[in-house]
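Participant: Chain B: place on chain A using the hints.
Line order of the protein sequences matches chains A and B.
For what it's worth, the working numbering labels the leading residue of the first sequence as 9, then goes sequentially.
For what it's worth, the working numbering labels the leading residue of the second sequence as 9, then goes sequentially.
Calculated directly from the structure, the hints in this document are not laboratory data.
Glycine is no exception: its CB is placed at the ideal position from the N, C-alpha and C atoms.
Do not rely on the hints blindly, as some may be mistaken.
To give an idea of the chain A side of the interface with chain B (calculated C-beta under 8 Å), a few residues [stated by the list, open to error]:
#1 T108
#2 R116
#3 R123
#4 S128
#5 V166
What follows is a list of derived Cβ distance ranges for each label pair [to be verified]:
#6 D154/A / I73/B: 40 to 48 Å
#7 R132/A / R37/B: 28 to 36 Å
#8 P30/B / D165/A: 29 to 37 Å
DSSO-like cross-link-like pairs, simulated, lysine-lysine; straight-line CA separation at most 30 Å [stated by the list, open to error]:
#9 K129/A / K51/B
#10 K129/A / K151/B
#11 K33/A / K129/A
#12 K51/B / K144/B
#13 K144/A / K33/A
#14 K151/B / K64/B
#15 K64/B / K129/B
#16 K151/B / K33/B
#17 K151/A / K129/B
2 protein chains.
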Amino acid sequence: MTSPTAFENTVAHGDSNVMATPFMKCLIRLVRAQDTHGAWEGKSNTDLLADFIVTKEQRHEMPIIGDPDPDVIWRLQIFYTCVGLGIEERSGLLASSIVTMNPEGFGRVVLTTGRLVLLSKTLRDVHRFGFETLRKLADAGAKLVDDAIATIEAHPDVARAS
Amino acid sequence: MTSPTAFENTVAHGDSNVMATPFMKCLIRLVRAQDTHGAWEGKSNTDLLADFIVTKEQRHEMPIIGDPDPDVIWRLQIFYTCVGLGIEERSGLLASSIVTMNPEGFGRVVLTTGRLVLLSKTLRDVHRFGFETLRKLADAGAKLVDDAIATIEAHPDVARAS
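For reference, chain A alone in the conformation it holds in the complex:
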């Protein structure tokens, strides 16, 4: 018998509301926007985000050091783009994100608006980028948006400086 998947866990815990949060709705919209040939039309939203989920067991099975493939880099970029859109939606300010990465999966992500740095994070182990559950994905995204909004509120003039 195999252990239940992250989705089965999510459903088992009655956490279906997670897909209705602003961050997850944005993420689903962004992923669907990339489906230029309609290949994912029949997929449910949870199936669509399946690759964002990396359970503890899956993480243990992955090599500690590995080169990230284009798919995981794409998911990482979508995730931070979604954080940027969340900030824009709540603050009305355009947030731009830059992601740099070397082929070994080490890099940096920076989000700025005006003269203000909203987020600056070192990226490591990008080949293992993912979240244990959909709830943790939603919470991580929402927290980054919340933190950025708090930073804007602390320095409103710098956020609007050109």
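Facilitator: Just chain B now, kept in the frame of chain A:
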């Protein structure tokens, strides 16, 4: 008869002091630091920076659209690293730079310190990156450092915020 080179022009105009400015001394130090095999030991400082110079004539001969080669990307990164070091030297604050670029030579450079964006610039025509003369190279670098210092002085708390 060929037209005089940028260096011959520089020397002809008695502009030898340009190499003694803080920005140029830093740039020379950075370039020499990459000379791990001592291949450039016999080169003068002006020869060392020769490829940073693109005269009007040379620019006209270059294609308008072109893919930047690794050497020009390397020079661009050294240039902005040098701006970052100049900021650090004068402010005592660590400035970190991020450069992103697509293979067509369009990208962005961002320099930050603390929560403050010191420089955010769109990069275009990177395959033609260069300056008409050594003096213009020195002035461009010094101006970016000056502007960043002015930004830090305008927002000292944000520059020191974590």
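Participant: Now look at each hint and say whether the structure bears it out.
Facilitator: Quick rundown of the hints versus the structure:
Interface hint status for T108/A: upheld, as the beta-carbon distance to the closest one in chain B is roughly 5 Å, under 8 Å. At about 6 Å, the closest approach between the beta carbon of R116/A and any beta carbon in chain B falls short of 8 Å, and the interface hint on this residue holds. A least Cβ separation of about 5 Å between R123/A and chain B falls short of the 8 Å threshold, and the interface hint therefore holds. With a cut of 8 Å, the hint placing S128/A at the interface with chain B holds, because the nearest CB-to-CB distance is about 7 Å.
Hint status for V166/A relative to chain B: holds, with the closest Cβ pair at about 5 Å, below 8 Å. For the pair D154/A and I73/B, the beta carbons lie near 43 Å from each other, so the given range of 40 to 48 Å is met. Between R132/A and R37/B the CB atoms are about 30 Å apart, so this pair conforms to the stated range of 28 to 36 Å. Here the CB-CB span from P30/B to D165/A is close to 31 Å, well matched to the stated 29 to 37 Å.
The suggested pairing of K129/A with K51/B is violated, with an alpha-carbon distance near 40 Å, which exceeds 30 Å. Taking the CA atoms of K129/A and K151/B, the gap is about 29 Å. The hint holds against a cut of 30 Å. For a cut-off of 30 Å, the pair hint linking K33/A to K129/A stands: about 24 Å separates their Cα positions. Taken as a hint, the K51/B and K144/B pair is honoured in the structure, with Cα atoms around 21 Å apart against an allowance of 30 Å.
Under the criterion of a C-alpha separation no larger than 30 Å, the hint pairing K144/A with K33/A is consistent with the structure, at around 15 Å. Pair hint K151/B plus K64/B holds up; C-alpha atoms about 21 Å apart against a cutoff of 30 Å. Only pairs whose Cα atoms come within 30 Å are accepted, and K64/B paired with K129/B is accepted, the gap being roughly 23 Å. For a cut-off of 30 Å, the pair hint linking K151/B to K33/B stands: about 15 Å separates their Cα positions.
Of the pairs offered as hints, the one joining K151/A and K129/B holds, with about 29 Å between alpha carbons and a cut-off of 30 Å not exceeded.
Violated hints amount to a single one, hint 9; each of the other numbered hints is respected by the structure.
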